[in-house]
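**Q** In case you want the letters, here they are:
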Amino acid sequence: MVRVYGRTLPGKQVMTVDGAVIGKLVDVQVEMETGILKCFLVKPEPGAEVDMFERSEGCVVIPAKLVRSIKDYIVVDTKVGEESHEV
Amino acid sequence: MHIELTNLLGLDLYTTKGVYVGRVQDVVIESSEGVIVSLAVVNVNKKLFNVGNKGILIPYRWITAVGDIALMMHPMKASSSEEKVPEFRAGE
Chain Z
227 MVRVYGRTLP GKQVMTVDGA VIGKLVDVQV EMETGILKCF LVKPEPGAEV DMFERSEGCV
287 VIPAKLVRSI KDYIVVDTKV GEESHEV
Chain S
15 MHIELTNLLG LDLYTTKGVY VGRVQDVVIE SSEGVIVSLA VVNVNKKLFN VGNKGILIPY
75 RWITAVGDIA LMMHPMKASS SEEKVPEFRA GE
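So the protein sequences, as listed, match chains Z and S.
Going from the first sequence to the numbering used here is simple: count from 1 and add 226.
Going from the second sequence to the numbering used here is simple: count from 1 and add 14.
Source of the hints: derived by calculation from the structure; they are not laboratory data.
In this text, all values refer to a predicted model and were calculated from it rather than measured experimentally.
Take these hints with a grain of salt, some might be off.
Unchecked claim - Under the rule of at most 20 angstroms between Cα atoms (straight-line distance), these lysine to aspartate or glutamate pairs were calculated in the EDC-like manner:
1) Z:K250 <-> Z:D298
2) Z:K238 <-> S:E18
3) Z:K250 <-> S:E18
Kindly generate the complete structure, drawing on both the sequences and the hints.
**A** Given below as structure tokens:
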């Protein structure tokens with residue numbers, strides 16, 4: 227049971243499982259009724275490969291199910307999205 | 015309905031009967047499951063939870079609505095005085 231505090235999340239570095247930097251976390255969308263994290267809004271670094279993600283107001287929208295871990299960094303498995311094309 | 019995590023921070027929390035509970039200081043996330051498990055609440059209404067100056071962790075399943083304020087189920091009258099909610103110290 228790894229618990230993280232929400233206040234520490236904005237500004238955290240987001241990267242792929244291959245070690246490529248995506249950007250910095252801006253916010254997380256949460257389903258109000260259940261508290262389930264739905265998607266991570268990330269401000270991409272210039273030149274980061276983010277073509278596979280939807281965009282919203284200058285941020286990329288990363289589905290929470292692609293997020294592998296939230297510790298010192300937020301690690302995203304981009305390969306899952308390429309295979310299934312699900313959001 | 016979807017809300018943004020940062021919108022939760024600093025919200026005033028009331029019960030569904032309109033009683034003030036406290037202010038949301040932080041959000042506790044179970045990272046392996048990707049779900050909010052509790053809200054860390056400070057400035058706690060001592061008439062509702064007798065915890066001195068410490069904060070309390072309110073289980074997220076008690077939360078019924080989040081908007082300009084947050085609402086939670088009103089604690090049962092019989093248990094409200096000895097309601098056991100985990101405490102925490104602000105700044106932990």
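**Q** Next step is simple, just say for each hint if it's right about the structure.
**A** Hint check:
A hinted pair counts as satisfied when its Cα atoms are at most 20 angstroms apart, and Z:K250 with Z:D298 qualifies at roughly 12 angstroms. Between the alpha carbons of Z:K238 and S:E18 the distance comes to roughly 16 angstroms, so the proposed pair stays at or under 20 angstroms and holds. Simply put, Z:K250 and S:E18 have alpha-carbon atoms about 16 angstroms apart, close enough for the 20 angstroms limit, and the pair holds.
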